[in-house]
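Peer 1: Sequence:
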Amino acid sequence: MKTFIKHIAVVLSVLVFSGCNKWLDVKPTDQITQERLFSEGIGFRNALNGIYQYIAEGNLYGRNLTWGLNSALAQDYIGNDISQEYQNAATTFIQTDPTVLAIGTDIWGNAYKAIANSNKLITEIKNKDTGLFQFGNVEKKLILGEAIALRAMLHFELVRLFAPSPAQDLSGQYIPYVDKYPSYYTAPSPTSTVLQNIQKDLEEAKNLVAENDTILNRAALSTKLTTRLVGSNVAEERFFTFRMMRLNHVAIAGLQAKVALYAGDVEKALSEAAYVYIYGPSGAKKWWEFTSSTNAAGVNIYTKFADDVLFGSFNTDLVADVTAYKGTTLRYRINKQVSSWFPAAERDYRINLLIPDAVVSTDMVSQKWIATNSTGQFRSQQNTFAPVLRLSEIYYIYSEALYRKGLTAEALTILNQVRVARGKINTFTDQSEAGFYNELLNEYRREFLTEGQTIFAYKRLGRGMQISSTQLIPMDERFTFKIPEGEVIY
Numbered sequence: 186m187k188t189f190i191k192h193i194a195v196v197l198s199v200l201v202f203s204g205c206n207k208w209l210d211v212k213p214t215d216q217i218t219q220e221r222l223f224s225e226g227i228g229f230r231n232a233l234n235g236i237y238q239y240i241a242e243g244n245l246y247g248r249n250l251t252w253g254l255n256s257a258l259a260q261d262y263i264g265n266d267i268s269q270e271y272q273n274a275a276t277t278f279i280q281t282d283p284t285v286l287a288i289g290t291d292i293w294g295n296a297y298k299a300i301a302n303s304n305k306l307i308t309e310i311k312n313k314d315t316g317l318f319q320f321g322n323v324e325k326k327l328i329l330g331e332a333i334a335l336r337a338m339l340h341f342e343l344v345r346l347f348a349p350s351p352a353q354d355l356s357g358q359y360i361p362y363v364d365k366y367p368s369y370y371t372a373p374s375p376t377s378t379v380l381q382n383i384q385k386d387l388e389e390a391k392n393l394v395a396e397n398d399t400i401l402n403r404a405a406l407s408t409k410l411t412t413r414l415v416g417s418n419v420a421e422e423r424f425f426t427f428r429m430m431r432l433n434h435v436a437i438a439g440l441q442a443k444v445a446l447y448a449g450d451v452e453k454a455l456s457e458a459a460y461v462y463i464y465g466p467s468g469a470k471k472w473w474e475f476t477s478s479t480n481a482a483g484v485n486i487y488t489k490f491a492d493d494v495l496f497g498s499f500n501t502d503l504v505a506d507v508t509a510y511k512g513t514t515l516r517y518r519i520n521k522q523v524s525s526w527f528p529a530a531e532r533d534y535r536i537n538l539l540i541p542d543a544v545v546s547t548d549m550v551s552q553k554w555i556a557t558n559s560t561g562q563f564r565s566q567q568n569t570f571a572p573v574l575r576l577s578e579i580y581y582i583y584s585e586a587l588y589r590k591g592l593t594a595e596a597l598t599i600l601n602q603v604r605v606a607r608g609k610i611n612t613f614t615d616q617s618e619a620g621f622y623n624e625l626l627n628e629y630r631r632e633f634l635t636e637g638q639t640i641f642a643y644k645r646l647g648r649g650m651q652i653s654s655t656q657l658i659p660m661d662e663r664f665t666f667k668i669p670e671g672e673v674i675y
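If you're matching positions, the sequence shown starts at 186 in our numbering and goes up one per residue.
Treat the hints with caution; some may be incorrect.
To be verified - Cross-link-like lysine-lysine pairs, in silico, DSS-like; alpha carbons within 27 Å at most:
id: 1; residue 1: K609; residue 2: K511
id: 2; residue 1: K326; residue 2: K453
id: 3; residue 1: K609; residue 2: K298
id: 4; residue 1: K521; residue 2: K609
id: 5; residue 1: K470; residue 2: K409
id: 6; residue 1: K471; residue 2: K453
id: 7; residue 1: K385; residue 2: K511
id: 8; residue 1: K409; residue 2: K667
id: 9; residue 1: K590; residue 2: K365
id: 10; residue 1: K590; residue 2: K667
id: 11; residue 1: K471; residue 2: K609
id: 12; residue 1: K326; residue 2: K298
id: 13; residue 1: K365; residue 2: K470
id: 14; residue 1: K313; residue 2: K298
id: 15; residue 1: K313; residue 2: K326
id: 16; residue 1: K298; residue 2: K385
id: 17; residue 1: K311; residue 2: K298
id: 18; residue 1: K590; residue 2: K453
id: 19; residue 1: K365; residue 2: K385
id: 20; residue 1: K471; residue 2: K326
id: 21; residue 1: K313; residue 2: K365
id: 22; residue 1: K409; residue 2: K471
id: 23; residue 1: K409; residue 2: K311
id: 24; residue 1: K521; residue 2: K511
id: 25; residue 1: K326; residue 2: K521
id: 26; residue 1: K311; residue 2: K365
id: 27; residue 1: K313; residue 2: K385
id: 28; residue 1: K470; residue 2: K453
id: 29; residue 1: K298; residue 2: K667
id: 30; residue 1: K365; residue 2: K326
id: 31; residue 1: K590; residue 2: K470
Unchecked claim - Pairwise CB distance ranges (calculated):
id: 32; residue 1: Q381; residue 2: A556; range: 38 to 44 Å
id: 33; residue 1: K470; residue 2: I555; range: 32 to 38 Å
id: 34; residue 1: E670; residue 2: G649; range: 28 to 34 Å
id: 35; residue 1: I652; residue 2: G561; range: 32 to 38 Å
The set of hints was computed from the structure by calculation and includes no laboratory data. Because the structure is a prediction, the values reported are computed rather than measured. A virtual CB, placed ideally from N, CA and C, is assigned to each residue, including glycine.
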């Protein structure tokens, strides 16, 4: 298999830091040359911000990789109440339909564009003197680390969607790992090699951003939503806040745990998840927490349960974009199986994120993608990002890794910590393999409903999805997208 990668001329737009809570809320105002862009430290900040802005659009985290395609594949919605292209992809599974092929082409092409921009930034910054940057080597390492992490994360999205799960086929060659700029030709690598390269990049990135995130600028993470979601009013500090919307040290470690479990490396998954756990409410540092019962209900509800988000994709136009894509006839009602995911007899704060449909009141829709009009602190900001990685997912990874190591009691303790944090009163005690994995997948269902992560838990485990009392969808080739024709990355 060969992949031809066209040279991508990177001309990034000038980004203007226009407000304390709008570090990425900018529109292209001018096109400048690469030489000028990378002649000043601020140019590297702008280039990095431009990549984050690009991946937040609908083709990637603004729709397809979160509430759109990935959630449709997970059967989160009533199958005929989503766009025709998503029905073709996830309800009738017409994988050769032009609309389905177009989705794959859009994801593939846009992800590799962002990877190319990351590689360009990496190539340029490595040879720059630290004196070019306002905060010297710390800033240089931060920008370099985030660019490397972006490259790794996007390759992970591609290998999950365009290749079979590692448990099914670890040696097959499906996607190229592109780590050079310019790259005119990169052959696809075995999935095992792709996953190894992702881990190598994430390890380097984690170490590069560590000094900023855990020592010199740790308050930008440790002071919770005040700095992670809202940020600083001081102009020279803005770039170094909003760390929830950037690939920070803890988020990168979380990605390492996630990649490791997907690859079947239980030891690595356990190690990285245990490290991230330290930063959670049950760990020593307690930089992250789970949304309280007060903020998980009522008219002032946190519509994204933002407190435990490790990384979110920022886009101030997100709600408007979601509304425009859905149009006036499709409402993306939640799968009627939702009543089994949230049993009426069990308290669960996550059910508060579902509200009755405006037309069919017995059906539900998610509040996560509807604008909140609350003026309470931290509410309006939750209109502006799509959750990509949560602390809760790292708890699930930690729990599963412990279980697979035979530490079943410890595994259930970690799993129950999320359940209790989300309002459940009953303690889960079934240590059997069938019981544990049934509850784990139900937790994925409840936790990531319309966020796009659930499908890959099923795919990794090779388990069919029970979408009604009589219908089980096997996890087969329908959940691996076809490589775009010609395999050209534009």
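Peer 1: Hint by hint, note whether the structure agrees.
Peer 2: Now for the hints, and whether the structure bears them out:
no.	hint	verdict
1	K609 with K511	violated, 33 Å
2	K326 with K453	holds, 25 Å
3	K609 with K298	violated, 43 Å
4	K521 with K609	holds, 21 Å
5	K470 with K409	holds, 12 Å
6	K471 with K453	holds, 22 Å
7	K385 with K511	violated, 39 Å
8	K409 with K667	violated, 41 Å
9	K590 with K365	violated, 38 Å
10	K590 with K667	violated, 35 Å
11	K471 with K609	holds, 21 Å
12	K326 with K298	holds, 23 Å
13	K365 with K470	violated, 37 Å
14	K313 with K298	holds, 23 Å
15	K313 with K326	holds, 11 Å
16	K298 with K385	holds, 21 Å
17	K311 with K298	holds, 20 Å
18	K590 with K453	holds, 12 Å
19	K365 with K385	holds, 15 Å
20	K471 with K326	holds, 25 Å
21	K313 with K365	holds, 17 Å
22	K409 with K471	holds, 9 Å
23	K409 with K311	violated, 31 Å
24	K521 with K511	holds, 19 Å
25	K326 with K521	violated, 48 Å
26	K311 with K365	holds, 13 Å
27	K313 with K385	holds, 23 Å
28	K470 with K453	holds, 21 Å
29	K298 with K667	holds, 19 Å
30	K365 with K326	holds, 18 Å
31	K590 with K470	holds, 26 Å
32	Q381 with A556: 38 to 44 Å	holds, 42 Å
33	K470 with I555: 32 to 38 Å	holds, 34 Å
34	E670 with G649: 28 to 34 Å	holds, 30 Å
35	I652 with G561: 32 to 38 Å	holds, 36 Å
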